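> All chains should be modelled from the sequences, with the hints used to inform the complete structure.
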Amino acid sequence: AQKVTQAQTEISVVEKEDVTLDCVYETRDTTYYLFWYKQPPSGELVFLIRRNSFDEQNEISGRYSWNFQKSTSSFNFTITASQVVDSAVYFCALSEGYGGATNKLIFGTGTLLAVQP
Amino acid sequence: EPEVTQTPSHQVTQMGQEVILRCVPISNHLYFYWYRQILGQKVEFLVSFYNNEISEKSEIFDDQFSVERPDGSNFTLKIRSTKLEDSAMYFCASEDRSYEQYFGPGTRLTVT
Numbered sequence: 002a003q004k005v006t007q008a009q010t011e012i013s014v015v016e017k018e019d020v021t022l023d024c025v026y027e028t029r030d031t032t033y034y035l036f037w038y039k040q041p042p043s044g045e046l047v048f049l050i051r052r053n054s055f056d057e058q059n060e061i062s063g064r065y066s067w068n069f070q071k072s073t074s075s076f077n078f079t080i081t082a083s084q085v086v087d088s089a090v091y092f093c094a095l096s097e098g099y100g101g102a103t104n105k106l107i108f109g110t111g112t113l114l115a116v117q118p
Numbered sequence: 007e008p009e010v011t012q013t014p015s016h017q018v019t020q021m022g023q024e025v026i027l028r029c030v031p032i033s034n035h036l037y038f039y040w041y042r043q044i045l046g047q048k049v050e051f052l053v054s055f056y057n058n059e060i061s062e063k064s065e066i067f068d069d070q071f072s073v074e075r076p077d078g079s080n081f082t083l084k085i086r087s088t089k090l091e092d093s094a095m096y097f098c099a100s101e102d103r104s105y106e107q108y109f110g111p112g113t114r115l116t117v118t
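Sequence order for the protein chains is R and Y.
Be aware that the first sequence starts at 2, since it is given in my numbering, and climbs by one per residue.
Be aware that the second sequence starts at 7, since it is given in my numbering, and climbs by one per residue.
These aren't lab readings, by the way, just hints derived from the structure by calculation.
Predicted model, so just to flag it, every value in this text is computed and none were measured.
Mixed in with the good hints, there may be bad ones.
As the list claims (entries may be wrong) - 30 Å max Cα-Cα, derived DSSO-like pairs, lysine-lysine:
id : chain 1 : residue 1 : chain 2 : residue 2
1  : R       : Lys-39    : R       : Lys-17
2  : R       : Lys-17    : Y       : Lys-48
3  : Y       : Lys-84    : Y       : Lys-48
4  : R       : Lys-4     : Y       : Lys-48
5  : R       : Lys-71    : R       : Lys-39
6  : Y       : Lys-89    : Y       : Lys-48
7  : Y       : Lys-89    : R       : Lys-39
8  : R       : Lys-39    : Y       : Lys-84
9  : R       : Lys-4     : Y       : Lys-89
10 : Y       : Lys-63    : R       : Lys-71
11 : R       : Lys-39    : Y       : Lys-48
12 : R       : Lys-39    : Y       : Lys-63
13 : Y       : Lys-84    : R       : Lys-4
14 : R       : Lys-71    : R       : Lys-4
15 : Y       : Lys-63    : Y       : Lys-84
16 : Y       : Lys-63    : Y       : Lys-48
17 : Y       : Lys-48    : R       : Lys-71
18 : R       : Lys-39    : R       : Lys-4
19 : Y       : Lys-63    : R       : Lys-4
20 : Y       : Lys-63    : Y       : Lys-89
Here it is as structure tokens:
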């Protein structure tokens, strides 16, 4: 069965601190996608990254970086030098399969990140 | 940049009334989805739609719910007889061939 676990419900940091958001997933498929979305207080879902199961290379985009480890079924997200604008709920999500008639996303419960000035 | 749009942004309705939530997906996308997020909770899959039919639905998507793509552009979610527990944010998403889902801004449904 598919499942995404984000064990950290809330994290509070002070501006400029680094912070890592954890994501652990379960799937029986060998082909799948993993995602991170940001949900600011305004409520929309902002796409951050998609990673397919064949690509374990870490990715860096500005202050954001992602660590994908199949051995531990984890896809962790690190924000370096956090800023107040990073305050949001962050969701990790999983999609199984390629090119089927549905690629539904299974979301974790989210981590609320509060960055204090 | 093309985007998914949803109307209305906020809908207030009385219990037992029918509501229709509207979405305009990105024009060349093939897969369409509805998700629901009850306040303070995670985003949950409701239904996926491909090739003019439902391809998968969750346990939440019972007989009170239906989806339609009436004119090849709009994608609608209808709730026939709303209940208090249907109060939530409803997100539409459309997906291109690269399996990236683009979400609309959501419709907040309040059932009183």
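> Run every hint past the structure and note whether it holds.
Going through the hints against the structure:
1. R:Lys-39 / R:Lys-17: holds, 19 Å
2. R:Lys-17 / Y:Lys-48: holds, 28 Å
3. Y:Lys-84 / Y:Lys-48: holds, 21 Å
4. R:Lys-4 / Y:Lys-48: holds, 12 Å
5. R:Lys-71 / R:Lys-39: holds, 23 Å
6. Y:Lys-89 / Y:Lys-48: holds, 20 Å
7. Y:Lys-89 / R:Lys-39: The hint holds at about 29 Å.
8. R:Lys-39 / Y:Lys-84: holds, 27 Å
9. R:Lys-4 / Y:Lys-89: holds, 28 Å
10. Y:Lys-63 / R:Lys-71: Since the Cα atoms of Y:Lys-63 and R:Lys-71 sit roughly 28 Å apart, the hinted pair holds (cutoff 30 Å).
11. R:Lys-39 / Y:Lys-48: Satisfied, since the Cα-Cα distance of roughly 12 Å is no more than 30 Å.
12. R:Lys-39 / Y:Lys-63: This hinted pair holds, its Cα atoms lying about 25 Å apart.
13. Y:Lys-84 / R:Lys-4: Holds, because 28 Å separates the two Cα atoms, which is no more than 30 Å.
14. R:Lys-71 / R:Lys-4: holds, 15 Å
15. Y:Lys-63 / Y:Lys-84: Holds - the C-alpha atoms of Y:Lys-84 and Y:Lys-63 are around 14 Å apart, at most 30 Å.
16. Y:Lys-63 / Y:Lys-48: With a Cα-Cα distance of about 17 Å, the restraint between Y:Lys-63 and Y:Lys-48 holds, given a limit of 30 Å.
17. Y:Lys-48 / R:Lys-71: holds, 24 Å
18. R:Lys-39 / R:Lys-4: holds, 19 Å
19. Y:Lys-63 / R:Lys-4: holds, 17 Å
20. Y:Lys-63 / Y:Lys-89: holds, 19 Å
Hint compliance for this structure: every hint is met.
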